[in-house]
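These protein sequences, in sequence, are chains A and B.
The working numbering numbers the first residue of the first sequence as 5 and each following residue consecutively.
The working numbering numbers the first residue of the second sequence as 5 and each following residue consecutively.
Quick caveat, the hints were computed from the structure, so don't treat them as lab data.
Predicted model, so just to flag it, every value in this text is computed and none were measured.
Be careful, since some hints might not be right.
[Unchecked claim] To give an idea of the interface, some chain A residues facing chain B are shown, with a C-beta separation under 10 Å as derived from the structure:
1) Ser-32
2) Asn-35
3) Asn-49
4) Phe-96
[As the list claims (entries may be wrong)] The following residues of chain B were derived to be distant from chain A, with all beta-carbon distances above 12 Å:
5) Ala-6
6) Glu-15
7) Val-16
8) Glu-22
9) Asn-54
10) Gly-63
11) Arg-89
12) Ser-91
Every residue gets a Cβ at the ideal spot worked out from N, C-alpha and C, and that includes glycine.
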Amino acid sequence: GIQVEQSPPDLILQEGANSTLRCNFSDSVNNLQWFHQNPWGQLINLFYIPSGTKQNGRLSATTVATERYSLLYISSSQTTDSGVYFCAPTGFQKLVFGTGTRLLVSP
Amino acid sequence: DAGVIQSPRHEVTEMGQEVTLRCKPISGHDYLFWYRQTMMRGLELLIYFNNNVPIDDSGMPEDRFSAKMPNASFSTLKIQPSEPRDSAVYFCASSLTSGSSYEQYFGPGTRLTVT
């Protein structure tokens, strides 16, 4: 099955800072999603991005499927961005979750 | 849209008891998924359905686990008998196959504690 590696595993930022989270995967994919798991445990859809670049407010994501990686950019971070960010690629329907990047944004 | 609905949100039970988790997918979605999240194993897929039919149950850990989808708007995940190592957060998700899009939407999860 697909192997997923996310980096860094942990990240501490001051409010207002920018960051880049990386997701490497081992096989070609037709589907890739980024999620934010907030401190209450809810999984929030950020991006559905099997290829290309998308932006949503302060967040953007890029997937280079041919090189098997995806990046999530967070700009002007806020304390509400704290939580765990998961990358989940798949060839079809079976999402395979990485171990996540735990982000803490301090005021 | 109400999103994916799961009940109960929290369940505490004693070892050996039967536990039933419930899920209502987003209306019109044709795929339904059950995931489990633990500290040790992270988020893992247990089983998924397409048009109410189980497609892949290779992630179901043991025969103590069973899942059904009697209709397009309801699914259950049952554990019988429950064991302490089943303690986890169980998520239900659904998706609509539209062209080449398979985006999944998750429910709030059920936190299960087996004592």
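Here is what the structure says about each hint:
1. The criterion of a C-beta within 10 Å of any C-beta in chain B is not met by Ser-32/A, whose closest approach is roughly 14 Å, and the hint is violated.
2. A least Cβ separation of about 5 Å between Asn-35/A and chain B falls short of the 10 Å threshold, and the interface hint therefore holds.
3. For Asn-49/A, the interface hint holds, since its Cβ comes within 10 Å of a Cβ in chain B; the closest pair sits about 6 Å apart.
4. Proximity of Phe-96/A to chain B holds as hinted, the smallest CB-CB distance being about 7 Å (cut-off 10 Å).
5. With a minimum CB-CB distance of about 15 Å to chain A, Ala-6/B clears the 12 Å threshold, and the non-interface call stands.
6. Consistency note on Glu-15/B: stated as away from chain A, and its beta-carbon is indeed over 12 Å from all of that chain's, at 14 Å minimum.
7. Its beta-carbon lying about 16 Å from the closest one in chain A, Val-16/B satisfies the requirement of being farther than 12 Å from that chain.
8. Look at Glu-22/B: its CB is around 24 Å from the nearest CB on chain A, clear of 12 Å, so calling it non-interface holds up.
9. Taking the minimum C-beta to C-beta distance to chain A, about 8 Å, the non-interface status of Asn-54/B is violated against the 12 Å cut.
10. The beta carbon of Gly-63/B is not kept farther than 12 Å from every beta carbon of chain A, the shortest such distance being approximately 8 Å.
11. Interface exclusion of Arg-89/B from chain A stands, the closest Cβ pair being 20 Å apart, more than 12 Å.
12. The beta carbon of Ser-91/B is kept farther than 12 Å from every beta carbon of chain A, the shortest such distance being approximately 14 Å.
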